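> Let's have the full structure, built from the sequences with the hints guiding it.
Each chain, letter by letter, is given below.
There are 2 protein chains.
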Amino acid sequence: MGRLVLASRSPQRRAILEQLGVAFEVVVSDAEELVAGDPVEVAVENARRKALAVAAPATVLGVDTVVALDGVVYGKPPDAAEARATLSRLSGQVHEVVSGIAVVEGGETRTASATTQVRFRVLDAAMLDWYLATEEWRERAGGYAIQGRGAALVAGIEGDYLNVVGLPVQALLGLLPELLRGEPRPRA
Amino acid sequence: MGRLVLASRSPQRRAILEQLGVAFEVVVSDAEELVAGDPVEVAVENARRKALAVAAPATVLGVDTVVALDGVVYGKPPDAAEARATLSRLSGQVHEVVSGIAVVEGGETRTASATTQVRFRVLDAAMLDWYLATEEWRERAGGYAIQGRGAALVAGIEGDYLNVVGLPVQALLGLLPELLRGEPRPRA
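Keeping their order, the protein sequence lines are chains V and H.
Take the first sequence: its position 177, counted from the start at 1, is 177 in my numbering, and no numbers get skipped.
Numbers given in my numbering equal positions in the second sequence, counted from 1, plus 188.
Source of the hints: derived by calculation from the structure; they are not laboratory data.
Keep in mind that a hint or two might mislead.
[What the hints assert, rightly or not] Distance windows between CB atoms, simulated:
| hint | chain 1 | residue 1 | chain 2 | residue 2 | range |
| --- | --- | --- | --- | --- | --- |
| 1 | H | Ala244 | V | Gly37 | 54 to 62 Å |
| 2 | H | Arg298 | V | Gly37 | 41 to 49 Å |
| 3 | V | Thr109 | H | Glu221 | 50 to 58 Å |
| 4 | V | Gln117 | H | Asp226 | 25 to 33 Å |
[Said to hold, decoys possible] One-sided and incomplete, this derived list gives chain H residues near chain V with beta-carbon spacing under 7 Å:
| hint | residue |
| --- | --- |
| 5 | Trp318 |
| 6 | Gly347 |
| 7 | Asp348 |
| 8 | Val357 |
| 9 | Leu368 |
[What the hints assert, rightly or not] Stretch by stretch, here's where chain H covers chain V in the computed footprint (C-beta under 8 Å, at least three residues):
| hint | stretch |
| --- | --- |
| 10 | 11-23 |
| 11 | 141-153 |
| 12 | 163-175 |
Note that the structure is predicted; figures quoted are calculated from it, not measured.
Beta carbons: idealized from backbone N, C-alpha and C, even for Gly.
Here it is as structure tokens:
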């Protein structure tokens with residue numbers, strides 16, 4: 001494995017690689033993304049497009065995360081009204097968070113995906129008001145951030161937590177087990 | 189609910205309350221803790237002792253988190269050898285992380301607990317060496333920190349993620365639903 005390039009603007013994904021002590025750089029190129037279809041196919045194809053859009057002599061990692069309920073993909077809500085509508089649909093339900101990852105290395109592309117079940121509390125109007133006022137719904141698939149105030153909305157999960165934050169660490173280690181090699185430094 | 193006092197030194201617990209936007213202070217008094225017994229009883233009793241040890245005209249929150257496998261409670265390993273032994277026992281298994289919480293308010297004490305299942309990857313000697321070298325096992329029940337490099341050890345969880353970090357948020361909101369009241373400030 002050469003140097004690692006993360007093909008994502010997401011600060012959450014950067015934070016997860018830092019949490020693991022992985023050295024990486026960020027290079028992002030625009031790629032047209034699918035917004036509808038089978039959740040796993042959408043996430044994996046978008047991850048592949050993001051990774052392939054970056055031309056670098058490196059190991060390039062593309063990632064895409066979508067929220068799906070009853071087979072419908074929920075992306076980033078465009079405004080507060082849509083965020084409220086999405087969160088109302090997720091209220092009291094179990095939805096899926098699906099991430100696709102693509103690793104491009106020396107002309108070869110490998111992909112994987114991970115799915116985590118997320119069970120939401122029943123959200124009453126006061127809870128929706130409280131959460132929407134945090135503004136966290138912006139730029140978040142499904143309109144919530146589990147690593148932020150959104151933790152208060154989540155009754156429980158089943159699967160990889162970091163997948164819900166935005167990077168499926170176990171799937172990534174499956175594709176790149178050498179990611180953790182090297183001398184780790186103790187965290188502060 | 190008056191002002192909230194967290195009766196814990198844990199930086200992880202402070203970080204979780206901050207994540208939720210809750211205003212609080214930290215006041216810690218020493219309390220003798222149970223180290224063996226039924227995991228739920230141990231965690232709840234220790235949480236109660238920690239909360240009752242703090243004399244403050246406030247809502248006092250005590251929390252204790254233990255790791256249990258096959259009914260055996262694993263505390264903080266005293267040294268690297270014991271950390272390796274604990275992690276070896278958890279390797280490839282599903283263990284329970286149990287937190288007890290106690291809220292003391294105006295002479296009344298209410299308690300709750302939460303249990304999250306954590307499934308570990310099979311850890312080979314290289315993975316154990318890698319993880320022990322991070323020094324994260326220090327001061328952590330079960331010898332790992334899921335919010336740190338320890339995320340690489342965890343195949344998946346079932347339940348409340350923040351309970352594994354050290355504060356069962358949903359159980360806490362059950363005891364103190366008013367915790368989220370007030371004007372939230374957007375996170376940076």
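> Each hint needs a verdict: does it hold in this structure or not?
For each hint, the structure was consulted:
In this structure the hint that Ala244 of chain H and Gly37 of chain V lie 54 to 62 Å apart at CB holds, the actual value being about 55 Å. Remark: the range hint 41 to 49 Å for Arg298 of chain H to Gly37 of chain V is upheld by a beta-carbon distance near 48 Å. Here the CB-CB span from Thr109 of chain V to Glu221 of chain H is close to 52 Å, well matched to the stated 50 to 58 Å. Taking 25 to 33 Å as the suggested C-beta distance range, the pair Gln117 of chain V and Asp226 of chain H conforms, at roughly 29 Å.
Annotation: Trp318 of chain H was flagged as interfacial toward chain V, and the flag holds, the nearest CB pair being 6 Å apart, inside 7 Å. Given the 7 Å rule on beta carbons, the hint for Gly347 of chain H holds: about 5 Å separates it from the nearest Cβ of chain V. The interface hint given for Asp348 of chain H is met, as the beta carbon of that residue sits about 5 Å from the closest beta carbon of chain V, less than 7 Å. Among the interface hints, the one on Val357 of chain H holds; its C-beta lies about 6 Å from the nearest C-beta in chain V, closer than the 7 Å criterion.
Because the smallest distance between the Cβ of Leu368 of chain H and any Cβ of chain V comes to about 6 Å, under 7 Å, the interface hint for this residue holds. A stretch counts as covered by a chain when three or more of its residues have a beta carbon under 8 Å from one of that chain; for the stretch 11-23 of chain V and chain H the count is 4, and the coverage holds. Closer than 8 Å: that is the beta-carbon criterion, and the stretch 141-153 of chain V has 6 residues meeting it against chain H, so the requirement of 3 holds. Residues of the stretch 163-175 of chain V with a Cβ under 8 Å from some Cβ of chain H number 3, which satisfies the need for three, so the listed coverage holds.
Of the hints listed earlier, there is not a single one the structure fails to meet.
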